[in-house]
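With chain W held as given, fit chain B onto it using these hints.
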Amino acid sequence: MGPAQGRIEEIFVAGSKNAEGGAGLDPMHQFEVHPIVELPQIGGVDVSFTNASLWMALAVGSISLLMIAASRPTNLVPGRLQLLGEMAYSFVANMIKENIGTEGMKFFPFIFTLFMFILFCNMLGMLPYSYTVTSHLIVTFALAATVFMLVTLVGFFRHGIGFLKLFVPSGIPVVLLPLLVVIEVISYLTRPVSLSVRLFGNMMAGHTMLKIFGGFVVGLGSAGLVPLAIAPFALMVAFTGLELLIAGLQAYVFTILTCIYLNEAIHMDH
Amino acid sequence: MEAEAAKYIGAGIACIALAGAGISIGTIFGNFLAGALRNPSAAQSQFPNLLLGFALAEATGLFGLIIALILLFVV
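Here the protein sequences come in this chain order: W and B. Per our numbering, residue 1 is the first one in the first sequence, and the count goes up by one each step. Per our numbering, residue 1001 is the first one in the second sequence, and the count goes up by one each step.
The reader is advised that the hints may include incorrect statements.
Covered stretches of chain W, going by a simulated chain B footprint (3 or more residues, C-beta under 8 Å) [said to hold, decoys possible]:
#1 192-202
#2 247-253
Quick partial rundown of chain B residues pointing at chain W, CB under 10 Å, derived from the structure [to be verified]:
#3 1052
#4 1059
#5 1060
#6 1073
With a cut-off of at most 20 Å between alpha-carbon atoms, the simulated SDA-like pairs for lysine to any residue come out as follows [what the hints assert, rightly or not]:
#7 W:97 / B:1051
#8 W:211 / B:1072
#9 W:97 / B:1048
#10 W:211 / B:1069
#11 W:97 / B:1044
#12 W:97 / B:1049
#13 W:211 / B:1066
#14 W:165 / W:183
#15 W:97 / B:1050
#16 W:97 / B:1052
#17 W:106 / W:86
#18 W:106 / W:157
#19 W:97 / B:1046
#20 W:97 / B:1045
#21 B:1007 / B:1070
#22 W:165 / W:189
#23 W:211 / B:1068
#24 W:97 / B:1047
#25 W:211 / B:1073
Don't read these hints as lab results, they were simulated from the structure. In this text, all values refer to a predicted model and were calculated from it rather than measured experimentally. Beta carbons are placed, not taken as given, at the ideal position from N, Cα and C, and that holds for glycine.
In isolation and in its complexed conformation, chain W is listed as follows (with noise of 0.2 Å):
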């Protein structure tokens, strides 16, 4: 570790002890998790309710809260929460319709529950203070790997052994076959990782992007030069703004990859 990192670790040592609560300026101490209500261990399994727990939580209660708000009053003429129940509702329905068919919509639960949660995470992510449950690798990885395995049953289940011409293109030189097949499987195979990693380091990289310009506006502010804050300031405005249409974004590019893989597996036309 040479002199200048010793002294960038100083000014942030520095800045985050002037900053309240000592989380001022390290832009990754938003992503930890740490115990709420510690509970004992099951199994060598630490249970314990963490700040993950209960934004997830959170998460969950705000979508049932929403989703059974809007469809208690049914009118012909929708109000404002029964609009934005029936807008979520048609943009999944549509989505799966026109990417799976209608016999895809056996799968709008799941993808639905999807959708929401994800959204609802992201969203819950931006308020100051809060916690990105989307930002860790380990839930988008189980997300993926849900959706992974539900593709991988639903093809096996609708074409038994047949499902494995995916992997073979039609159409192609055999001399060409064992390489594509070879490259197919592999792209099979990293799905998973690139569907967990997308929505894992888009979350990440944004809120650790906010936290460094806050960062930039606390130290210029401290170091009294107010006038010089204001510009990181505004960019961190702009940034928040992105960071919104990100997290919508990325909600509806995990479902409606998820609408593909499914339509892969249900139709097989390659």
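Relative to chain W, chain B alone:
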């Protein structure tokens, strides 16, 4: 070279992946705009494909980020 220094250099090199992501995102949005201006009525129906291409292109850049993070915090 110290292993510590090599780690930081490697993490920096891994960020070159962002160049590819930048080029590909630019290509996708540029080509979408070019196509959309030629035939605006077809543009709306291709919007999901645009977002999909954007997400797929962006993922490659993020893989570089993951390599950088692994080098910095895991290795």
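message: Under the constraints set out in the numbered hints, which ones does this structure not fulfil?
response: Of the numbered hints, all hold.
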